[in-house]
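Listed below are the residues making up each chain.
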Amino acid sequence: MSLSLLFDYLISADFVRGAAMTLAITVVSLLCGMLIGLVLALLQGSRNRVARTFTFLYLWLFRGTPVLFQIIFIYNVLPSFGIRFSAFVCAVLALSLNEGAFMSEIFRSGLHAVKQGQRTAGFALGMNGAKVFRHIVLPQALRVVLPPIGNQMIGMLKLSALVSVIAVQELLLVANQAASANFRYLEALSAAGIYYLAFTTLFMLLQGWMERALNRRRKSAVRRTSFAERLLGVSQPVVR
Amino acid sequence: MSTVPASPLLKIHRIDKSYGGTQVLKSCSLEVAPKETIVIVGPSGSGKSTLLRCVNLLESVDAGNILFEGRDLTRELKRVHQVRQQIGMVFQNFELFSHLSAIENIMLAPMSVAGVSRLDAHDLALALLNKVHLRERADHYPDQLSGGQQQRVAIARALAMKPKVMLYDEPTSALDPEMVNEVTEVMAELSAEGMTSLVVTHEMGFARRAADRIVFMEAGEVILTESSEQFFSGTTHERARRFLDQILH
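Those sequence lines, one after another, are chains U and R.
Counted the way the working numbering counts, the first sequence spans residues 1 to 240.
Counted the way the working numbering counts, the second sequence spans residues 1 to 249.
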C-alpha cells in the first residue's frame with residue numbers, strides 16, 4: 001500500500017468534492033426526513049381517519065421496499081410522467097421520503113413518552129394546543145428521540161453511498177472510478193473509508209454535544225463518558 | 001360566611017356527565033361566592049375530580065351550565081383558553097414540567113400566554129416562590145424537589161396567571177404524610193387572603209381550618225352542602241356522618 005497515493009487521493013479535488021456531496025446528501029436528506037417524520041407522527045396521532053390511513057400507507061410503502069429500489073424508481077420512472085429532476089434531487093428525494101417513514105416512528109415514540117398530564121397542565125394554564133406542543137411536548141420529546149436520531153444520522157451517511165447507482169458523484173462512486181483507472185483499490189477505498197469514519201466521528205461528537213446541551217443541568221449526575229467509550233458504544237448506563 | 005351572596009363567582013347548575021354508558025355526574029349544582037373556600041368530600045369514584053375538571057372545561061359537560069362571572073362557559077368553548085387563564089388548577093401528581101426548573105415552570109405561562117416580559121415574569125415568579133416558601137429552590141428541577149415542594153411550586157405556577165379561582169384536585173393524595181402540612185399550610189394561607197378555592201381532598205384538618213362550606217358527593221350526586229361548622233360539629237346527614245367517621249378513625 002502506498003501511503004503517498006492514499007494521501008494524494010485524500011486531498012484530491014475529486015475526493016474532496018465527492019466527500020462534500022456525500023455530506024450534502026446526508027444532511028439535506030436527514031433534515032427533510034425529520035420534517036416529513038414529524039408531520040407523519042402528528043398525523044398519525046390525529047383523529048382524522050384520512051390522515052391516519054395516509055400515514056399507514058406511507059409507512060407501509062416506504063418501510064416495505066428497499067431504499068435502493070426507491071432511488072432507482074424515482075430516478076427512472078418519474079421522467080416518464082414528465083417530471084424531470086437532476087440526479088442529486090432524485091437522490092435527496094428518495095432518501096428523504098424513506099427517512100421520513102423511519103423518523104415518524106421515532107417521533108411517535110418521543111411524543112408518546114410525554115405524559116398526558118403534562119399536556120393537561122399546560123392547557124389548564126390557558127395555553128393553546130400549539131403552545132403546549134412548542135413549550136412542553138417538543139422539548140421533552142426531543143430528549144427521548146435524540147439518541148435514535150443519532151443512529152439515523154450515521155445510517156443516512158452510509159445509505160448515501162447507494163445513490164452512486166444513479167451516477168451522483170458521491171464519495172464511493174468517486175473512489176470506485178479512481179480505482180478502476182489504475183486498479184489501486186486499496187488506496188482509493190481506504191481514502192473513502194477515512195472520510196466516512198471522519199464524518200461518523202463528527203456526527204457522534206455532535207450528538208453527544210446536543211445531548212449534553214439538552215441536559216445541561218445534570219452535568220454532575222451523568223457519568224462522564226470518555227471519547228473511546230462513546231466510539232466503542234460501551235457507554236450505556238450500568239443497570240444495577 | 002355560610003350564606004351564599006346574591007352574585008356567585010362560579011355557579012354550577014345541574015350538570016350531567018357520562019363516560020360511555022356510566023353517568024359520573026348527575027345534575028350537580030354548586031354555587032361559589034367570591035373569596036369562599038369550598039371543600040368537596042366523598043368516597044372515591046363519586047365524581048369529585050370530574051366535577052372539578054368540568055369547571056375549567058378539561059372535561060366537557062353533557063348537560064347543564066357553568067356560569068363564571070355570569071358567563072356560561074359551556075357556550076364559550078371557543079374562548080376556552082382565555083377562560084382557563086382565570087382558573088388555576090393544581091393536580092394530584094403535581095405535573096410540573098419536567099424539563100424546566102422551578103422558576104421556569106412558573107414563568108412559562110405568563111411569558112407564553114399573557115405576554116409578560118422575561119424580566120417581569122422572573123420577578124413575579126420569585127415573589128410567588130417566596131409566597132410558597134421556596135425561594136431558595138428557584139433553580140432546582142422537579143426531580144430534585146420533594147413531593148411537597150413540587151406541589152408548592154405547582155401552586156405558585158397556577159397563581160402566576162393571577163386566577164380568580166383555584167381548583168385543587170386531591171393536592172395532597174400523592175404526598176408522604178409528613179409533607180401534607182407544608183402544602184395545606186400554603187393553601188390555607190391563600191384562602192385566608194381571600195383566594196376563592198374549590199378543593200377536592202380527604203384532609204379533614206385542612207377542611208376544618210380553611211373551608212367555609214363542605215360539599216358531600218356520592219355516586220355522582222351532590223348530596224349535601226353545609227357550612228363547615230355545622231358539618232364538623234355533627235352533621236345531621238346520616239350518610240355524610242358515616243363517611244366522616246370512616247376517614248377520621
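These are computed hints drawn from the structure, not numbers from a lab.
For every residue, glycine included, the Cβ atom is placed at its ideal position computed from N, Cα and C.
Do not take every clue at face value.
[Unchecked claim] Rough simulated footprint, nothing fancy, chain R against chain U, three-plus residues with beta-carbon under 8 Å: (1) 116 to 127; (2) 162 to 173.
[Claimed, not checked] The calculated label-pair distances, taken between Cβ atoms and stated as ranges, are: (3) R/230 - U/105: 57 to 67 Å; (4) U/120 - R/208: 45 to 55 Å; (5) U/113 - R/26: 46 to 56 Å; (6) U/117 - R/146: 26 to 36 Å; (7) U/134 - R/123: 40 to 50 Å; (8) U/81 - R/119: 55 to 65 Å; (9) R/123 - U/113: 27 to 37 Å; (10) R/143 - U/151: 21 to 31 Å.
[To be verified] Non-contacting residues of chain U with respect to chain R, defined by C-beta distances greater than 12 Å in every case (computed): (11) 21; (12) 132; (13) 135; (14) 186; (15) 209.
Examine each Cβ of chain R, and state whether all of them lie more than 12 Å from the Cβ of residue 21 of chain U.
38 Å, holds
At the C-beta level, are residue 123 of chain R and residue 113 of chain U separated by a distance inside 27 to 37 Å?
34 Å Cβ-Cβ, so the 27 to 37 Å window holds.
Coverage of the stretch 116 to 127 of chain U by chain R (three or more Cβ within 8 Å)
holds (count 10)
Is 57 to 67 Å respected by the C-beta to C-beta distance linking residue 230 of chain R and residue 105 of chain U?
59 Å, holds
Using the beta carbons of residue 113 of chain U and residue 26 of chain R, state whether their distance is inside 46 to 56 Å or not.
37 Å, violated
Against the range 26 to 36 Å, how does the distance between the Cβ atoms of residue 117 of chain U and residue 146 of chain R compare: consistent or not?
Since the Cβ atoms of residue 117 of chain U and residue 146 of chain R sit about 19 Å apart, the hinted range of 26 to 36 Å is violated.
So the hint says 45 to 55 Å: do the beta-carbon atoms of residue 120 of chain U and residue 208 of chain R match that?
For residue 208 of chain R against residue 120 of chain U, whose Cβ atoms are near 30 Å apart, the range 45 to 55 Å is violated.
Tell me if the beta carbons of residue 81 of chain U and residue 119 of chain R are separated by a distance inside 55 to 65 Å.
Holds, since residue 81 of chain U and residue 119 of chain R (Cβ atoms, about 57 Å apart) stay within the stated range.
Is it the case that residue 132 of chain U keeps its Cβ farther than 12 Å from each residue Cβ in chain R?
9 Å, violated
Distance rule for residue 209 of chain U, whose beta carbon must clear each one in chain R by more than 12 Å
The claim holds: residue 209 of chain U sits with its nearest Cβ about 18 Å from chain R, beyond 12 Å.
Within 40 to 50 Å: is that where the Cβ-Cβ distance between residue 134 of chain U and residue 123 of chain R falls?
24 Å, violated
Would you say the C-beta atoms of residue 143 of chain R and residue 151 of chain U sit inside 21 to 31 Å of each other?
Given about 26 Å between the Cβ atoms, the range holds.
Hint check: violations occur at hints 2, 4, 5, 6, 7, 12, 13; the rest are consistent with the structure.
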